[in-house]
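J.: Chain residues, written in single-letter form:
2 protein chains.
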Amino acid sequence: MKTVGIGIAGLGTVSQGVLNILKVQQALLAKRSNARYEVVRVVSRTAKPDVDLLGAEFSHRLEDLYEDPQVDVVMELIGGESPADQLIADALAAGKAVITANKAVLAVKGDQLLGKQSVQPIRFEAAVAGAIPILQAITAGLAGNAIHAVSGIINGTANYILTAMEQDGVSFGEALAAAQKLGYAEADPTFDVDGTDAAHKLTILMALAFDMSFALDQIYKEGIESLTAEDIAFAAEFGFRIKHIGMLRRVATGLEARVHPLLIPQSDLLAQVDGVQNAVQVSSDSAGTTLFSGPGAGGAATASAVIADLVALTRGGLGTNPTSTAHNAASSGMYVPLERANDLAVLPIDEVYGGYYLRMLVADQPGVIAKVAQALSNHGISIDKVIQRPAAGRTEQVDLVLLTHDALERDVNLALTELHGMFEVSGEVSRIRVAPVNT
Amino acid sequence: MKTVGIGIAGLGTVSQGVLNILKVQQALLAKRSNARYEVVRVVSRTAKPDVDLLGAEFSHRLEDLYEDPQVDVVMELIGGESPADQLIADALAAGKAVITANKAVLAVKGDQLLGKQSVQPIRFEAAVAGAIPILQAITAGLAGNAIHAVSGIINGTANYILTAMEQDGVSFGEALAAAQKLGYAEADPTFDVDGTDAAHKLTILMALAFDMSFALDQIYKEGIESLTAEDIAFAAEFGFRIKHIGMLRRVATGLEARVHPLLIPQSDLLAQVDGVQNAVQVSSDSAGTTLFSGPGAGGAATASAVIADLVALTRGGLGTNPTSTAHNAASSGMYVPLERANDLAVLPIDEVYGGYYLRMLVADQPGVIAKVAQALSNHGISIDKVIQRPAAGRTEQVDLVLLTHDALERDVNLALTELHGMFEVSGEVSRIRVAPVNT
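Chains as they are written, first to last, in my numbering: chain F, 105 to 543; chain L, 105 to 543.
None of these hints come from the bench; they were simulated from the model.
Note that CB positions come from ideal geometry on N, CA and C, so glycine has one too.
A few of these clues could be false.
So the derived list for chain F, only partly shown, Cβ under 10 Å to chain L, looks like this [to be verified]:
| # | residue |
| --- | --- |
| 1 | Met105 |
| 2 | Lys135 |
| 3 | Gly219 |
| 4 | Gln221 |
| 5 | Val223 |
| 6 | Leu246 |
| 7 | Gly248 |
| 8 | Ala383 |
| 9 | Gly398 |
| 10 | Ala405 |
| 11 | Val410 |
Covered by chain L, according to a simulated footprint, are these stretches of chain F (three or more residues, beta-carbon under 8 Å) [as the list claims (entries may be wrong)]:
| # | region |
| --- | --- |
| 12 | 125-133 |
| 13 | 372-378 |
| 14 | 385-392 |
In silico DSS-like cross-links for lysine-lysine, where the CA-CA straight-line distance does not exceed 30 Å [as the list claims (entries may be wrong)]:
| # | chain 1 | residue 1 | chain 2 | residue 2 |
| --- | --- | --- | --- | --- |
| 15 | L | Lys135 | F | Lys220 |
| 16 | L | Lys135 | L | Lys106 |
| 17 | L | Lys220 | F | Lys135 |
| 18 | F | Lys106 | L | Lys220 |
| 19 | L | Lys213 | L | Lys325 |
| 20 | L | Lys135 | F | Lys213 |
| 21 | F | Lys213 | F | Lys325 |
| 22 | F | Lys106 | F | Lys135 |
| 23 | L | Lys106 | F | Lys220 |
| 24 | F | Lys135 | L | Lys489 |
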């Protein structure tokens, strides 16, 4: 039985999860990959914590990981762009395979880092949707398919908050506080609630599913901060649930790539995914619509994906032959085409086409609906459904909530400007996009 | 770019789906696997149909497939146990890789056939759950996990029938007729409705998830023929949906391996899977509960899984080196341990423990519930919930429907015998198992 030497950078919850699996499932892993795993080195900035390092040498220098000839694979589990980017590049240059769970560095520097694969590859199943083997599903399980669309709940914190707002009728702030108390949201939850984390993950999905560059700046992004319990309740009346979604969709004019709240029909499987769960739905030409769900975060779940990469590398030859060639990278790396599909352009959000949910506070007087409908109609937008009802705590105004038929986002924005200029409309119009029917 | 030669046995819908993907997605596949696929031979018993064989030579002799040195991989898409078993064995002996979609032959002869892997492996993603890459998820994506349980809706025909019975309130017979009309059920639907097809697939899941032998005879099996629309309606009142499930569950005393109708809480994702869709839920120690859903049948969907195997074989080295060694099988085959885990025994159904739904027609007179409760109590079974109501079209009798707390199946059978002996109970007691809470 061959031995695979592991070097781990970072000692957070994911690293601890990895160490735990390597300890507890040693026999299982030996059987499944015909290899013995040896944690050779662990490197962390902080002092050595009270964690079983399985006999590994502990130090503070990242270089120790790839300078050690006993290390076959470097696990980059420190997160963030820097110094992770340098570590990955250096480890590859030293002929080490790399496993990373780092969505941030891939979303920004993925092209550059994957371009450095020569002797050994980078794998990164853990970077998207935690335990769910979604990257493997897209690159291998659905390898024979042209993918039309990918839609996912890929941030568990945001999904937890939306679920709590819906089920407990609490505000965004209250739900966020609850999530923090339960450890589902960080002390600084900015990246989870403003959509940045989801955009990182969607960038990776975009690169793999559509042969695109890892280009975070191409992703349109909105968070969940401005959603209200009222919006969630009105959406339910129309038969929808509101989820924070990362969505890629190939349309005639290009690729939609967007992260924002979305109204999804209640009967859709994706709408049923609650709490900190993640789910990714893939629409493709032969396999139709497939859905993959599971825990999207947490040390053990993320570690499960890191170990999946480790086993894949081992089955692909890692550890057998220390001077393995580029063929090894080809057979055990993920499929990531280095020649990008340049024929596909990401659409500006203005050019996205779909249904819209609009909620506004309007004066309670005759003819207001007609005026609102006219303002929409001026921009080619027609109304599908309407709810009008007394607004809580107001006597002069009513809530007017409507779903539009499909419209161009640019036209909706123009209509919103017109609505905001009407004296019958108070404050901001709340606008949430509706899931396209055909994804 | 290397060339991979393909030989296809059979020309049914799956083969036609494979030919179509190879034709339509030629460029995509070349990019994803760095290979050109050439269909060298197609063999079928029937006359050459009006199908584009992509230049392949057509004949009626199965031997032509593996006798041709141009063929690298034989796709066994004829189905059934024989002559598929011989073809797979002969192709392996001739040094060909094999891809099969044949659950029946694997469920019965899987051990024997996989034991013949030497130069090249067998892959069989298409044998379970159509387009869903569930075998890859279990063997690779969750490779670092000890799996506790696998529960799946793995027969689309049965699920279509149950969904139709529920949504349209029709009988089993009517729903079956509708399924046949729509092409979702075969002229002879026996294997779909009596659970045989699901048992075939569960045998494969058992082998991969629990390192067990491919032993169809170990699977307990019930079909959906005796389910009624009334059962579905009563289950809904209790908050459940009835699904036909294949279930594997590791408990303290062994492994449960069973195929039968099951009451699943309405809020479970698995309960939301409707129509011809399949879904498989996996519970494991690190990854928690993951769920994989999608189309479980159909030519294109099944072909998608066949092509996934083809790409995996190619990435693993197929076609590069015609005299590839056993290492090749190790790196590009599925993980199927040939040394079985003999410490795990499948439990007889009598020893399964869980909740039960019982429906009976009882005399409409005082004290009957007490007598029924006593009969159950005599065997250590206690009642969780009860519904009693006038039975349709009867004046002397009422429907008595109850959910039990967890009980041993053997005790439930003894209680049923006692109930059947009571003059207050008319006809057969309908008995359906309830999903364990912890899977």
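J.: All the hints need checking, so say for each whether the structure fits it.
T.: Here is what the structure says about each hint:
{"no.": "1", "hint": "Met105", "in the structure": "violated (12 Å)"}
{"no.": "2", "hint": "Lys135", "in the structure": "holds (6 Å)"}
{"no.": "3", "hint": "Gly219", "in the structure": "violated (17 Å)"}
{"no.": "4", "hint": "Gln221", "in the structure": "violated (14 Å)"}
{"no.": "5", "hint": "Val223", "in the structure": "violated (17 Å)"}
{"no.": "6", "hint": "Leu246", "in the structure": "holds (7 Å)"}
{"no.": "7", "hint": "Gly248", "in the structure": "holds (3 Å)"}
{"no.": "8", "hint": "Ala383", "in the structure": "holds (8 Å)"}
{"no.": "9", "hint": "Gly398", "in the structure": "holds (3 Å)"}
{"no.": "10", "hint": "Ala405", "in the structure": "holds (6 Å)"}
{"no.": "11", "hint": "Val410", "in the structure": "holds (8 Å)"}
{"no.": "12", "hint": "125-133", "in the structure": "holds (count 5)"}
{"no.": "13", "hint": "372-378", "in the structure": "holds (count 3)"}
{"no.": "14", "hint": "385-392", "in the structure": "holds (count 5)"}
{"no.": "15", "hint": "L:Lys135 with F:Lys220", "in the structure": "holds (19 Å)"}
{"no.": "16", "hint": "L:Lys135 with L:Lys106", "in the structure": "holds (12 Å)"}
{"no.": "17", "hint": "L:Lys220 with F:Lys135", "in the structure": "holds (19 Å)"}
{"no.": "18", "hint": "F:Lys106 with L:Lys220", "in the structure": "holds (24 Å)"}
{"no.": "19", "hint": "L:Lys213 with L:Lys325", "in the structure": "holds (19 Å)"}
{"no.": "20", "hint": "L:Lys135 with F:Lys213", "in the structure": "holds (22 Å)"}
{"no.": "21", "hint": "F:Lys213 with F:Lys325", "in the structure": "holds (19 Å)"}
{"no.": "22", "hint": "F:Lys106 with F:Lys135", "in the structure": "holds (12 Å)"}
{"no.": "23", "hint": "L:Lys106 with F:Lys220", "in the structure": "holds (24 Å)"}
{"no.": "24", "hint": "F:Lys135 with L:Lys489", "in the structure": "violated (46 Å)"}
Going down the numbered hints, you'll see the structure goes against 1, 3, 4, 5 and 24, while the others check out.
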